[in-house]
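One line per chain: the protein sequences are A and B, in this order. For the record, in the first sequence the residue sitting at position 30 is 45 according to the numbering used here, with numbers rising by one throughout. For the record, in the second sequence the residue sitting at position 41 is 42 according to the numbering used here, with numbers rising by one throughout.
Warning: the hint list may mix true and false statements.
Unchecked claim - The list that follows gives simulated cross-link-like pairs (lysine-lysine, DSS-like), each with its CA atoms no further than 30 Å apart:
#1 A:Lys226 <-> B:Lys285
#2 A:Lys31 <-> B:Lys285
#3 B:Lys210 <-> A:Lys31
#4 B:Lys14 <-> A:Lys382
#5 A:Lys232 <-> B:Lys95
#6 B:Lys17 <-> A:Lys27
#7 B:Lys14 <-> A:Lys232
#8 B:Lys69 <-> A:Lys226
#9 B:Lys268 <-> A:Lys226
#10 B:Lys91 <-> A:Lys232
#11 B:Lys124 <-> A:Lys382
#12 B:Lys17 <-> A:Lys232
Said to hold, decoys possible - Here are a few chain B residues that face chain A, going by a calculated C-beta distance under 7 Å:
#13 Tyr66
#14 Lys72
#15 Arg102
#16 Leu104
#17 Asp106
#18 Thr109
#19 Phe132
#20 Tyr231
Hints were generated in silico from the structure; no laboratory data involved. Just so it is clear, CB atoms sit at the ideal spot from N, CA and C, and this is done for glycine as well.
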Amino acid sequence: MKLWYSYLKELKLSSKGFYFYMEILMTVIILVLLLFVIPEEMDNKHDEYIMFDMPVQAEEYYVNIIKENDIDGKSEIIEIEIEDKVINVELYVTEESKLHIFDNEEDLIAATEADRPSIGAKITWDKANSNYKYDYYLQGYESEKLRNLYTIIHVKDLEALVAKGDSYEVKVLKTGHERLNTKQNAVPALITFNGSLMGLFIIAAYIFLDKQEGVIKAYAVTASHVWEYLLSKALTLMTVTTITTFIIIVPVMGTQPTYWAMLILLLTSAFFSSAIGLVISSFFDNMTQSFGAIYGVMILFMLPAIEYFIPSWNPLWIKFIPIYYLIQGFKETIMVNGDMTYVMLSSAGFLLMGIIFFLYANHRFKKNLAV
Amino acid sequence: MIKVKGLNHSYKKDGKYAVNNVNFEVAEGEIFGFLGPSGAGKSTTQNIMTGLLQLQEGEVTVAGYDVKHIKNEMFNQIGMSFEQSNVYSKMTAKENLDFYRKLFDVETREPQDLLDLVGLGDKGNIRAGEFSKGMKHRLTFARSMINNPTLWFLDEPTTGLDPSIAADIKDIIRRENKKGVTVFLTTHNMYIADELCDRVAFIVDGDIKLIDSPKNLKLQYGEQLVEVEYIKDGDVVKESFSTIKTEDKNQLKDIIDKYEIQTMHTKEATLEEIFIKVTGRGLK
Ligand SMILES: Nc1ncnc2c1ncn2[C@@H]1O[C@H](COP(=O)(O)OP(=O)(O)O)[C@@H](O)[C@H]1O
Ligand SMILES: [Mg+2]
Numbered sequence: 016m017k018l019w020y021s022y023l024k025e026l027k028l029s030s031k032g033f034y035f036y037m038e039i040l041m042t043v044i045i046l047v048l049l050l051f052v053i054p055e056e057m058d059n060k061h062d063e064y065i066m067f068d069m070p071v072q073a074e075e076y077y078v079n080i081i082k083e084n085d086i087d088g089k090s091e092i093i094e095i096e097i098e099d100k101v102i103n104v105e106l107y108v109t110e111e112s113k114l115h116i117f118d119n120e121e122d123l124i125a126a127t128e129a130d131r132p133s134i135g136a137k138i139t140w141d142k143a144n145s146n147y148k149y150d151y152y153l154q155g156y157e158s159e160k161l162r163n164l165y166t167i168i169h170v171k172d173l174e175a176l177v178a179k180g181d182s183y184e185v186k187v188l189k190t191g192h193e194r195l196n197t198k199q200n201a202v203p204a205l206i207t208f209n210g211s212l213m214g215l216f217i218i219a220a221y222i223f224l225d226k227q228e229g230v231i232k233a234y235a236v237t238a239s240h241v242w243e244y245l246l247s248k249a250l251t252l253m254t255v256t257t258i259t260t261f262i263i264i265v266p267v268m269g270t271q272p273t274y275w276a277m278l279i280l281l282l283t284s285a286f287f288s289s290a291i292g293l294v295i296s297s298f299f300d301n302m303t304q305s306f307g308a309i310y311g312v313m314i315l316f317m318l319p320a321i322e323y324f325i326p327s328w329n330p331l332w333i334k335f336i337p338i339y340y341l342i343q344g345f346k347e348t349i350m351v352n353g354d355m356t357y358v359m360l361s362s363a364g365f366l367l368m369g370i371i372f373f374l375y376a377n378h379r380f381k382k383n384l385a386v
Numbered sequence: 002m003i004k005v006k007g008l009n010h011s012y013k014k015d016g017k018y019a020v021n022n023v024n025f026e027v028a029e030g031e032i033f034g035f036l037g038p039s040g041a042g043k044s045t046t047q048n049i050m051t052g053l054l055q056l057q058e059g060e061v062t063v064a065g066y067d068v069k070h071i072k073n074e075m076f077n078q079i080g081m082s083f084e085q086s087n088v089y090s091k092m093t094a095k096e097n098l099d100f101y102r103k104l105f106d107v108e109t110r111e112p113q114d115l116l117d118l119v120g121l122g123d124k125g126n127i128r129a130g131e132f133s134k135g136m137k138h139r140l141t142f143a144r145s146m147i148n149n150p151t152l153w154f155l156d157e158p159t160t161g162l163d164p165s166i167a168a169d170i171k172d173i174i175r176r177e178n179k180k181g182v183t184v185f186l187t188t189h190n191m192y193i194a195d196e197l198c199d200r201v202a203f204i205v206d207g208d209i210k211l212i213d214s215p216k217n218l219k220l221q222y223g224e225q226l227v228e229v230e231y232i233k234d235g236d237v238v239k240e241s242f243s244t245i246k247t248e249d250k251n252q253l254k255d256i257i258d259k260y261e262i263q264t265m266h267t268k269e270a271t272l273e274e275i276f277i278k279v280t281g282r283g284l285k
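With the rest of the complex left out, here is chain A (with noise of 0.2 Å):
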């Protein structure tokens, strides 16, 4: 009953302060950048740089049959600028990329690496063996899965591919997905941010805030307990992301997401993360001094999204900070035929951690009442 009282008193506080308005503004600002300026789908073509050392004959054959991929059928001639000269290249683009054909393997060279996250290749006929020899440029950050692939990508059948040896390892990692376009792939993140990463912020602010009125001194001198005050904090936290992100999610998804996973992944990630602010509010007395604390903690839990609009960045390390787990949960909620095991899996997580810090910042606080 005390916690319920205090939970609306939060909400009523919350609701006449500076930071609800933040929320409200943030919010606001997502909900338009998804509408309106985010496309459904962007031009994600990968650029490729390609140079033919090979007969003519062999040369051509090859190029009948990127004519046969190209949408219209034909090449156009675009000039290209590299290093202060001009040259001009052939361009074809297909469904699902842009291909420039070079004739000077330095122009290759040099117009991959001008063009970040483009690839070239060389492509050679090895008379020896009478086969084709690949040479890839790449731009050395690509992941060892990505270089893996381009190992195997021209052995087109299985026998070939047995050939090249067994330390090959194929896995399917998911089926039957349909895909989600540009602007449904950037939601995820976005709410993730707008929820978990504001929500550890905002409710750091209001423990400040009540540091400096004094207010949770008196609150310690009643018949109720410091958990009830902390988790009413956290629970308007929870609320407010709630209402927020469902007010991006409906518009931008419509019926599509799978909304009770959504629910229980938001009201688990915004507990989680409200205690991870509650934690830090403990060791600090005012936000300038928690300051760096807070952006470090902030800067660490963007790194999954940086990570997420990246495809050829996926360090191993990423997946051991718990945000990306909530990037991908939301992945899956908003997917046609997510993965609600993943989904539930992840909330549980973020609960037993929630309750984890939750507990600790508890402990914290009624240790150190009267500051």
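We have chain A; now place chain B with the ligands onto it with these hints.
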């Protein structure tokens, strides 16, 4: 009502004690005053008794509860008014009290009655953030009564209030005490201590120097004093002398012989003068 034995407290646990081997007892129905200059350790002692600070060393029993293992239900019996007022500035005075009363399991007082009592009866719907310092202080004071406490902790209850309001607050304390409420009061104001307290403890640098009733103290230390104003080398000098001590009497004679006397009064020693005499320190 309160028993404190061998209480020590060091904020940084660095061997520097804010409170040093403090012992005292407060009986039921008493108004007990902690009198000392600021920084003496009054609030520290009070915060330990109310669980705001963790007990480090010593035995403290409050309203029958061992403070080492504080039980939340204890607070149903306790009221605490803070030195620095601490109310939600975004809520009105009434909302502050309405919320606060829900945090107790016992019968609580009507917010409006309490506001009337401290002279804020017509300010109930104003946000506490718009209150003056004194008004906030009165609201904090009123709030401490909301659960009908039997033991009432008051930290500097009249500090910073203008004299007429301070007088009202004193009246309220006296009236509540008449109803049987035990009061533990800290102050650096000797008038409050003198007028309200059944017994006072003199505390300086975390040490209790003495505990007695103001009346006894005056009997014991309060010899008549003569206050003299005289002109010495063109300046007006003001000094007090005991009418009992030989040394003082001789000095007084000397002054009357040598200098031009402007005024001369006899008066009773104040609690502050006794405090200075006992502790060697002033209350400021
Ligand atoms: N939170 C704190 N941290 C460190 N020292 C403190 C703290 N609060 C008070 N002190 C020190 O403890 C001593 C006693 O302070 P306090 O109990 O507030 O005195 P009083 O209430 O008598 O004015 C002072 O020297 C003060 O500086
Ligand atoms: Mg004090």
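Hint check results:
Restraint check for A:Lys226 and B:Lys285: the C-alpha separation of about 28 Å stays at or below 30 Å, so the hint holds. Straight-line distance between C-alpha atoms of A:Lys31 and B:Lys285 comes to about 41 Å, which puts the hinted pair past the 30 Å bound. At most 30 Å may separate the alpha-carbon atoms for a hinted pair to count; B:Lys210 and A:Lys31 exceed this at roughly 49 Å. Taking the CA atoms of B:Lys14 and A:Lys382, the gap is near 14 Å; set against the 30 Å cutoff, the hint holds.
As the CA atoms of A:Lys232 and B:Lys95 are separated by approximately 19 Å, the hinted pair is consistent with the 30 Å bound. Between B:Lys17 and A:Lys27 the CA atoms are separated by roughly 43 Å; this puts the pair beyond 30 Å, and the hint is violated. Among the hinted pairs, B:Lys14 with A:Lys232 is consistent with the structure: their alpha-carbon atoms are about 22 Å apart, no more than 30 Å. With a C-alpha separation of about 24 Å, the suggested pair B:Lys69 and A:Lys226 falls inside the 30 Å cut-off, and the hint holds.
Restraint check: the Cα-Cα separation between B:Lys268 and A:Lys226 comes to about 47 Å, which exceeds 30 Å; the hinted pair is violated. Our distance criterion of 30 Å between C-alpha atoms is met by B:Lys91 and A:Lys232, whose separation comes to about 17 Å. A C-alpha spacing of about 36 Å is found between B:Lys124 and A:Lys382, which places the hinted pair above 30 Å, so the restraint is violated. A distance of roughly 24 Å separates the Cα atoms of B:Lys17 and A:Lys232; the hinted pair therefore holds under the 30 Å criterion.
Taking 7 Å as the C-beta contact cut-off toward chain A, the hint placing B:Tyr66 at the interface is violated, the least distance being around 12 Å. Below 7 Å, beta-carbon pairs count as interface contacts, and B:Lys72 has none with chain A, the closest being about 9 Å; its hint is therefore violated. Checking B:Arg102 against chain A by beta carbon gives a least distance of about 9 Å; that is not within 7 Å, so the hint is violated. Because the closest C-beta pair between B:Leu104 and chain A is about 4 Å apart, less than 7 Å, the hint holds.
Among the interface hints, the one on B:Asp106 holds; its C-beta lies about 5 Å from the nearest C-beta in chain A, closer than the 7 Å criterion. Taking 7 Å as the C-beta contact cut-off toward chain A, the hint placing B:Thr109 at the interface is violated, the least distance being around 11 Å. The criterion of a C-beta within 7 Å of any C-beta in chain A is not met by B:Phe132, whose closest approach is roughly 12 Å, and the hint is violated. Nearest Cβ of chain A to the Cβ of B:Tyr231: about 50 Å, over the 7 Å cut. The hint is violated.
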